[in-house]
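J.: The task is simple: from the sequences and hints, build the whole structure.
One-letter residues, chain by chain:
Number of protein chains: 2
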Amino acid sequence: MPRTAETAGFRFNHTMIRVKDPKVSVHFYTEILGMDLLSEKNMGDFTLYFLGYDHDNGSLSAEEKEKTRFTREGVLELTHNHGTESDANFQGYSSGNSDPGRGFGHIAIAVDDVEKACERFDALGVQFKKRPSDGKMRHIAFILDPDGYWIEIVPGVLRL
Amino acid sequence: MPRTAETAGFRFNHTMIRVKDPKVSVHFYTEILGMDLLSEKNMGDFTLYFLGYDHDNGSLSAEEKEKTRFTREGVLELTHNHGTESDANFQGYSSGNSDPGRGFGHIAIAVDDVEKACERFDALGVQFKKRPSDGKMRHIAFILDPDGYWIEIVPGVLRL
Numbered sequence: 001m002p003r004t005a006e007t008a009g010f011r012f013n014h015t016m017i018r019v020k021d022p023k024v025s026v027h028f029y030t031e032i033l034g035m036d037l038l039s040e041k042n043m044g045d046f047t048l049y050f051l052g053y054d055h056d057n058g059s060l061s062a063e064e065k066e067k068t069r070f071t072r073e074g075v076l077e078l079t080h081n082h083g084t085e086s087d088a089n090f091q092g093y094s095s096g097n098s099d100p101g102r103g104f105g106h107i108a109i110a111v112d113d114v115e116k117a118c119e120r121f122d123a124l125g126v127q128f129k130k131r132p133s134d135g136k137m138r139h140i141a142f143i144l145d146p147d148g149y150w151i152e153i154v155p156g157v158l159r160l
Numbered sequence: 001m002p003r004t005a006e007t008a009g010f011r012f013n014h015t016m017i018r019v020k021d022p023k024v025s026v027h028f029y030t031e032i033l034g035m036d037l038l039s040e041k042n043m044g045d046f047t048l049y050f051l052g053y054d055h056d057n058g059s060l061s062a063e064e065k066e067k068t069r070f071t072r073e074g075v076l077e078l079t080h081n082h083g084t085e086s087d088a089n090f091q092g093y094s095s096g097n098s099d100p101g102r103g104f105g106h107i108a109i110a111v112d113d114v115e116k117a118c119e120r121f122d123a124l125g126v127q128f129k130k131r132p133s134d135g136k137m138r139h140i141a142f143i144l145d146p147d148g149y150w151i152e153i154v155p156g157v158l159r160l
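Line by line, the protein sequences give chains A and B.
With UniProt numbering, you'll find the first sequence wraps up at 160, consecutive numbering, no jumps.
With UniProt numbering, you'll find the second sequence wraps up at 160, consecutive numbering, no jumps.
Keep in mind that a hint or two might mislead.
Intra- or inter-copy, both count: the list cannot distinguish identical chains.
In silico DSS-like links for lysine-lysine, alpha-carbon gap of 30 Å or less [what the hints assert, rightly or not]: (1) 130 x 116; (2) 136 x 23; (3) 65 x 129; (4) 130 x 65; (5) 136 x 65; (6) 136 x 20; (7) 116 x 23; (8) 20 x 130; (9) 129 x 20; (10) 65 x 20; (11) 67 x 116.
Think of the hints as simulated: they come from the structure by calculation, not from any bench.
T.: Written as structure tokens, this is what we have:
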């Protein structure tokens, strides 16, 4: 339906999850999933990492990335509460997919070729929750990020 | 950085959260937050609702919405496990922001005018976690969706 005037400027900007170790997680989201680090903000007790797929193929300046992270869709915000990465008593974060904590489900990455993407994830040592060959849904997969959050790998093409 | 060939086709397609009552939640995300219902899929024991901001101002056909929900960014998937809406013993879902269940943080909507958006949310009876006038961060707000998930309201303009 047409957008109303009051919400015409609204966009679904980002999704935030907490991570134990940003070195591990930022590596995962940039090197394995191919996102770009748009912005990093040390807030004192915690640091925020904003990531998103680069739609401009490397042409954006740091200032433009900073700008785009407020205006675009598809941004992932990782919150690192300082110290969790080296705290032996830290219990880890809930993925949201089991009780207690059930509520949040997953994020999803659309790819051009699910099989090929999963072969690469395998070669990179990524953990799978569900390979394309598991279960009934053969066209999708679920991988786990370093904190155990589920990431659905979906075909970014029309299936009707 | 430039995208590598292996991840050049990747997009951050959607974020999934579970909801107790889809009538209440779909109303909230469409009528109050202004998203469009792109697709609704009854999967037997559960139904999936895919929502996103309409970038084409009402010009998309149902088939095009179905297509765009696999290819675009900024899609919100609501999962309704049938029966929760009328189950008096249902405990509700964790927002992810307190123990146990801490992990998932929030989604964020970028708006052109945070103050004006919040005045409208107030008039519509939306619950606030943090009004713009609360605390130190005067330029943002947090509202609650019907299940208690946090939604950050951020200005979709450059702040440096």
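J.: Decide, hint by hint, whether the structure agrees.
T.: For each hint, the structure was consulted:
1. 130 x 116: Answer is within; shortest intra-copy Cα gap is 15 Å, inter-copy 44 Å.
2. 136 x 23: Classified as between: cross-chain Cα gap 29 Å, same-chain 35 Å, threshold 30 Å.
3. 65 x 129: between (32 Å within a copy, 29 Å between copies)
4. 130 x 65: between (34 Å within a copy, 27 Å between copies)
5. 136 x 65: between (40 Å within a copy, 25 Å between copies)
6. 136 x 20: between (33 Å within a copy, 26 Å between copies)
7. 116 x 23: within (26 Å within a copy, 39 Å between copies)
8. 20 x 130: Answer is both; intra-copy 23 Å and inter-copy 26 Å each pass.
9. 129 x 20: Answer is both: 20 Å inside a copy and 25 Å across each meet the 30 Å cutoff.
10. 65 x 20: within (25 Å within a copy, 37 Å between copies)
11. 67 x 116: between (33 Å within a copy, 22 Å between copies)
Violated hints: none; the structure is consistent with every hint.
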